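Protein chains in written order, with the UniProt record's numbering: chain B, 1 to 499; chain S, 1 to 94; chain P, 1 to 491.
Keep in mind that the hints were calculated from the coordinates and are not lab data.
Everything numeric in this text was worked out from a predicted model, so none of it was measured.
Wrong hints could be hidden among the right ones.
DMTMM-like mimics (lysine to aspartate or glutamate), calculated; alpha carbons at most 25 angstroms apart, straight line [stated by the list, open to error]: (1) K5/S - E353/P; (2) K254/P - E474/P; (3) K40/S - E354/P.
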Amino acid sequence: MRDFDFEIVMGLEVHAELHTKSKIFCGCTTEFGGEQNTHVCPVCLGLPGVLPVLNEKVADYAMKAGLALNCKIASFSKFDRKNYFYPDLPKAYQISQFDLPIASGGYIDIEIEGKKKRIGITRVHMEEDAGKLVHGGGSLAYAGYSLADYNRTGVPLIEIVSEPDIRSIEEAIAYLDLLKAILEYTEVSDCKMEQGSLRCDANVSLRPWGQKELGTKTELKNMNSFKALQKALEYEIERQAEVLREGGKIIQETRMWDENKGETISLRSKEEAHDYRYFPDPDLPPIIISEEWVERIRQTLPELPQARQIRLVESYGLPSYDASVITGSKAMADYFDQACSAYGIALPAGQSTDDKGKERAKQISNYMMGELSRRLNASDQGYQDSPITPENLVELLTLIEGGTISGKIAKTVFDEMFESGKKPKQIVEEKGLVQISDEGAIAAVVSEVVAKNPQVVADFKAGKDKAVGFFVGQVMKATRGKANPGLVNKLLMEELKKQ
Amino acid sequence: MALTKEEVQHVAKLARLELSEDEVDKYTVQLNAILEYARKLEALDTTNVPPTAHAFPLQNVMREDKVTASMAQEKVVSNAPDEEDGFFKVPRIV
Amino acid sequence: MKLYSKRAHELHELLVSKQVSAVELVNDVAARLEDVEPKVLAFVSQRIEDAKAEAARVDDKIASGETIGPLEGIPMAIKDNMCTEGIPTTCSSKMLHNFVPPYSATVVRKLNEAGAIMLGKVNMDEFAMGSSCENSWQEGTRNPWRLERVPGGSSGGSAASVAAGQAIFSLGSDTGGSIRQPAAFCGVVGLKPTYGSVSRYGLIAFASSLDQIGPFSRDVRDCAQVMNVIAGHDPLDSTSAPIDRPDYTSFLNKSIKGWRIGVPKEYFGEGIDAEVEEVLRKAMKTLESLGAELVECSLPHTEYALPCYYIIAPAEASSNLARYDGVRYGFRTEDAEDLISMFSKTRSEGFGEEVKRRIMLGTYALSSGYYDAYYLKALKVRTLIKQDFDRAFEKFDVLLSPTTPTVAFTCGDRLENPLQMYQSDICTLSVNLAGIPAISINAGFADGLPIGLQFMGKPFEEGRLLQISHAFEEATGCHSQMAPLKGGCEG
Numbered sequence: 001m002r003d004f005d006f007e008i009v010m011g012l013e014v015h016a017e018l019h020t021k022s023k024i025f026c027g028c029t030t031e032f033g034g035e036q037n038t039h040v041c042p043v044c045l046g047l048p049g050v051l052p053v054l055n056e057k058v059a060d061y062a063m064k065a066g067l068a069l070n071c072k073i074a075s076f077s078k079f080d081r082k083n084y085f086y087p088d089l090p091k092a093y094q095i096s097q098f099d100l101p102i103a104s105g106g107y108i109d110i111e112i113e114g115k116k117k118r119i120g121i122t123r124v125h126m127e128e129d130a131g132k133l134v135h136g137g138g139s140l141a142y143a144g145y146s147l148a149d150y151n152r153t154g155v156p157l158i159e160i161v162s163e164p165d166i167r168s169i170e171e172a173i174a175y176l177d178l179l180k181a182i183l184e185y186t187e188v189s190d191c192k193m194e195q196g197s198l199r200c201d202a203n204v205s206l207r208p209w210g211q212k213e214l215g216t217k218t219e220l221k222n223m224n225s226f227k228a229l230q231k232a233l234e235y236e237i238e239r240q241a242e243v244l245r246e247g248g249k250i251i252q253e254t255r256m257w258d259e260n261k262g263e264t265i266s267l268r269s270k271e272e273a274h275d276y277r278y279f280p281d282p283d284l285p286p287i288i289i290s291e292e293w294v295e296r297i298r299q300t301l302p303e304l305p306q307a308r309q310i311r312l313v314e315s316y317g318l319p320s321y322d323a324s325v326i327t328g329s330k331a332m333a334d335y336f337d338q339a340c341s342a343y344g345i346a347l348p349a350g351q352s353t354d355d356k357g358k359e360r361a362k363q364i365s366n367y368m369m370g371e372l373s374r375r376l377n378a379s380d381q382g383y384q385d386s387p388i389t390p391e392n393l394v395e396l397l398t399l400i401e402g403g404t405i406s407g408k409i410a411k412t413v414f415d416e417m418f419e420s421g422k423k424p425k426q427i428v429e430e431k432g433l434v435q436i437s438d439e440g441a442i443a444a445v446v447s448e449v450v451a452k453n454p455q456v457v458a459d460f461k462a463g464k465d466k467a468v469g470f471f472v473g474q475v476m477k478a479t480r481g482k483a484n485p486g487l488v489n490k491l492l493m494e495e496l497k498k499q
Numbered sequence: 001m002a003l004t005k006e007e008v009q010h011v012a013k014l015a016r017l018e019l020s021e022d023e024v025d026k027y028t029v030q031l032n033a034i035l036e037y038a039r040k041l042e043a044l045d046t047t048n049v050p051p052t053a054h055a056f057p058l059q060n061v062m063r064e065d066k067v068t069a070s071m072a073q074e075k076v077v078s079n080a081p082d083e084e085d086g087f088f089k090v091p092r093i094v
Numbered sequence: 001m002k003l004y005s006k007r008a009h010e011l012h013e014l015l016v017s018k019q020v021s022a023v024e025l026v027n028d029v030a031a032r033l034e035d036v037e038p039k040v041l042a043f044v045s046q047r048i049e050d051a052k053a054e055a056a057r058v059d060d061k062i063a064s065g066e067t068i069g070p071l072e073g074i075p076m077a078i079k080d081n082m083c084t085e086g087i088p089t090t091c092s093s094k095m096l097h098n099f100v101p102p103y104s105a106t107v108v109r110k111l112n113e114a115g116a117i118m119l120g121k122v123n124m125d126e127f128a129m130g131s132s133c134e135n136s137w138q139e140g141t142r143n144p145w146r147l148e149r150v151p152g153g154s155s156g157g158s159a160a161s162v163a164a165g166q167a168i169f170s171l172g173s174d175t176g177g178s179i180r181q182p183a184a185f186c187g188v189v190g191l192k193p194t195y196g197s198v199s200r201y202g203l204i205a206f207a208s209s210l211d212q213i214g215p216f217s218r219d220v221r222d223c224a225q226v227m228n229v230i231a232g233h234d235p236l237d238s239t240s241a242p243i244d245r246p247d248y249t250s251f252l253n254k255s256i257k258g259w260r261i262g263v264p265k266e267y268f269g270e271g272i273d274a275e276v277e278e279v280l281r282k283a284m285k286t287l288e289s290l291g292a293e294l295v296e297c298s299l300p301h302t303e304y305a306l307p308c309y310y311i312i313a314p315a316e317a318s319s320n321l322a323r324y325d326g327v328r329y330g331f332r333t334e335d336a337e338d339l340i341s342m343f344s345k346t347r348s349e350g351f352g353e354e355v356k357r358r359i360m361l362g363t364y365a366l367s368s369g370y371y372d373a374y375y376l377k378a379l380k381v382r383t384l385i386k387q388d389f390d391r392a393f394e395k396f397d398v399l400l401s402p403t404t405p406t407v408a409f410t411c412g413d414r415l416e417n418p419l420q421m422y423q424s425d426i427c428t429l430s431v432n433l434a435g436i437p438a439i440s441i442n443a444g445f446a447d448g449l450p451i452g453l454q455f456m457g458k459p460f461e462e463g464r465l466l467q468i469s470h471a472f473e474e475a476t477g478c479h480s481q482m483a484p485l486k487g488g489c490e491g
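If we strip away everything but chain B, and leave its shape as in the complex, we get (with noise of 0.2 angstroms):
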């Protein structure tokens, strides 16, 4: 980026919902979705009267990702008010943690170009979600009215908040990668980014290079993909890149990033006075977190994808980027290692496998990472619900390795797996597509096509190296693919021979 004008110093917010089955202070579920206003009590609809109880989940899923993220776990935390006026909060607060989260000082080490670089995590706290606007007349900016959605109140979130150590869009993408893939593995949020439940809000600023002090920050919102913060950064960035070329200067401020028009648009307002009043909130007490609340959870952590691809690597001989990609969804990851298991290759961390299992997971990656990723994407499907069962997988793959069936033909079963989720062995039972691998059957077959066809055999004499191929073709074709190639191949260059 040395190239660029300006060096660029970003942080990020992310907002992670975390996969309770009840509300952060009240009952209601949090389940995706329902009819509007149909998971709303006088809870979380902050009727008059009602007060607050915290779900316990929620303290044990915010302490356990910031475990994950290398985090300390305050021994005493609390919840404060964030005072706002707005449509989606019923309260007019937000529930949330101000001087005192629940987990802070961590870090994660992302990977730019092989490279190692640590990101800084400021703080993670939990707080509350708001409601959902439907602005009728489509933006915000020309709806007539609005239409408020209390569903989503009051579901549990973590906020997880970088230092401000990135200084590229290549570096925040990597770190909302790894972020992502952290919370997948330690199954506390779904990470639904089209659902919303990981959303990213982004902290530019520009300086000139050398520069210590820090620019004026804009604050991005609204950025509901990868693709939608690539975007956003970019043009925040040249946005603000020609501000300052030109003499002017950043104003800090809340930027929305607005999709359709492919822009980020100020969301200043002269009547916004922004002033949270932030002070404990007296119906909640404080939480107290021992050594063994702690203990009790660092317990529950899994393996999380960097040591698991670490593990691939070493154990199973993986490349490295096989590894990398397989780890990069915790979804994808437990496909492969029950595939390991199915295959008999499966080991303890730290033991590495024989050359026989290392070329054994090397056809598991294969296929996981071409046909079986390419089919799944395709039909917009994860490794999660894959019709593919590892199982199955593994069993076609064992079909290949004992010679039953090709390696073309395996290509056909897998199509029909994927379609049907029947077992391969059922599949070649049904369609008859055993691999032909009697050497009487397919001498007779090839003696038959090199008798058909003297002209090929002449033009193999005169060393044309494409009358093999055709010769093989027609052993193929006459077999239906069902002849073991090997074979056919050995005992064709014997006949040529002959002839």
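Following the hints, put chains S and P in place on chain B, whose structure we already have.
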């Protein structure tokens, strides 16, 4: 540090209260009187005194993560000043 | 038979012995209610027909030989800041004039389950902010002892209805004295329990760290009976104490011989009317004659309670009352062009003057740049006030003081001077800041107006307060008088 009229107006804006000129004048006088009285507290040295935010020292009050019934939609919006199709309706935002 | 002038425990005996039916009882109290309501103006809404139907069910129960609880069939009233499912709950504010809660407060549910019969919701200062019951969207309630006087506040309707025989007992809420001060002005028993003793779920919040619900009654035994029903842990209130409530009636009829009673000198300084002090001194003699030892003590930070309270309570209130924005329930302005004008017009038109004043004060105290100087400072001073009590209770069983520095003042007298109005809570505020329990009982009269005696106790020792109050009541018989309903505001 007496409270000025401008500050009173700013506070009113924060609190989403629309005050008439008369009210601003009246509140400026009255709030200053109360705040001046509150400044009595400055006389006390509270350097090493912890704040008391809760009258009774409870901690870790939590409930199980269990789903309970929500209200029917018509009950949710039954008190709404303006409602449309089960939504709460509000005037344009900007 | 004037059933309306009796106490709940007497009426319970009459019901059980079938000398009186629950329907007769409700009819009698309802007739009295209707009869004196034009003078007292205690009620915001009534539900007499429903009450009669409920009474009939109690009679069925008695007829079929089932046992009934101590409050079963007893007519009562609820302050209009406690949510009652399907029954309007207004906080005496235009802001909630049309609000019908879809749920009931825990205390309301408990009283309902205990078979008590609600005759209606009673008047209060808007959102419980006031000391005279004049800050009501409706007309202010009058003092049944002399109608041109205020009944006190904010639970003025709760106190006046019990003093006037319109209800046998009632519930009020106390944030800075809102039960005890009107109890003193109206000559009835009023208990502010320990913070956390009684669930706040469904009590429309004024200042969450200070608010507590408690009973009004005509004698101490009734107070104990009501506490037996409403106190106890509630999982819906995170600040509710997870402890078992005692049987409060077990503290009655017990001697107080040998008790050490602290008399904090700060409560007897200037500002206390001579007639109030005189009655208090007499009461202290009575207690000595019952075997208690009275010792002067000091709560040195008492003078800071009022400024401390008038930062903390408005700060919490400014946040608690932010939800009244015209979106989901209650009043909404008719002329709003956009959202921001809808918010501010709704709130300006919906709230009364005192409420707006406190919202302004609280918003200011929490705003950036002033938080440390006002709010945080007040929370620290609160600690000092609490420590004063901790130290005193190392030496004393209970503390004694007047409930109010004066008798009930005249309607309109203090409306123009908020600070003077706030002074009437000077003896009651510290208790809320410290979270301890306190009771006000009638100690005597000055010129026909009741004077309240306050006992303050250790956290969760409401039992002791009831014990000493009962002993005093038995010795003096002050409780047995009915308010005369004399005089009038308009002359």
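Status of each hint after checking the structure:
1. K5/S - E353/P: holds (18 angstroms)
2. K254/P - E474/P: holds (11 angstroms)
3. K40/S - E354/P: This hinted pair holds, its Cα atoms lying about 22 angstroms apart.
In summary, this structure violates none of the numbered hints.
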